[in-house]
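Based on the provided sequences and hints, a complete structural model is requested.
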Amino acid sequence: MTTLLLHRLSQLPGLPTSPAEREFRYLWVELLLNPPLAAELDWGSPGLREPIRRAVTWYFAYRGYLNSLGLFNETLEKFAAEGSVRPDALDRREYNQHYRELLKGLQILWEEKDKKTSNGSRNS
Numbered sequence: 000m001t002t003l004l005l006h007r008l009s010q011l012p013g014l015p016t017s018p019a020e021r022e023f024r025y026l027w028v029e030l031l032l033n034p035p036l037a038a039e040l041d042w043g044s045p046g047l048r049e050p051i052r053r054a055v056t057w058y059f060a061y062r063g064y065l066n067s068l069g070l071f072n073e074t075l076e077k078f079a080a081e082g083s084v085r086p087d088a089l090d091r092r093e094y095n096q097h098y099r100e101l102l103k104g105l106q107i108l109w110e111e112k113d114k115k116t117s118n119g120s121r122n123s
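When we follow numbering that gives the first Met the number 0, the leftmost residue of the sequence shown carries the number 0, and every step to the right adds one.
By construction, these hints were calculated from the structure, which means they are not laboratory data. Check before you lean on any hint, since a few could be wrong.
Unchecked claim - Below, simulated BS3-like cross-link-like pairs (lysine-lysine); rule was C-alpha separation at most 30 Å, straight line:
id, residue 1, residue 2
1, Lys112, Lys77
2, Lys103, Lys77
3, Lys114, Lys103
4, Lys115, Lys103
Remember, it's a predicted structure, so these values are computed and weren't measured experimentally.
This is the structure we're talking about:
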């Protein structure tokens with residue numbers, strides 16, 4: 000399984016949680032921003048129910064924006080269409096508790112894209 004965010008988060012110093020807690024906390028962001036990983040997961044696992052629900056909720060709340068970034072997540076779309084996972088409305092409490100995690104994930108995603116772009120321009 001290739002992760003975009005979880006590997007980078009485990010390397011950040013000074014974060015208050017253990018690496019395992021941090022990975023679980025950011026798993027929903029990884030599922031949201033990394034469609035190939037979302038397709039590989041065992042969606043029937045009870046331990047993944049909450050991160051999957053959160054990923055679907057945030058995906059549908061920001062689907063237009065994420066799609067404009069090229070982050071169409073066919074797996075989340077499919078599970079919502081089948082009714083396996085129902086997207087909830089993104090309420091104020093959910094937003095206030097978790098928006099920093101999404102922003103951190105987007106920051107890491109953009110840093111990775113910048114690295115690829117700068118490496119590609121050096122090779123030209």
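Legend entry - Violations among the numbered hints, reported as their numbers in ascending order: Every hint satisfied by this model.
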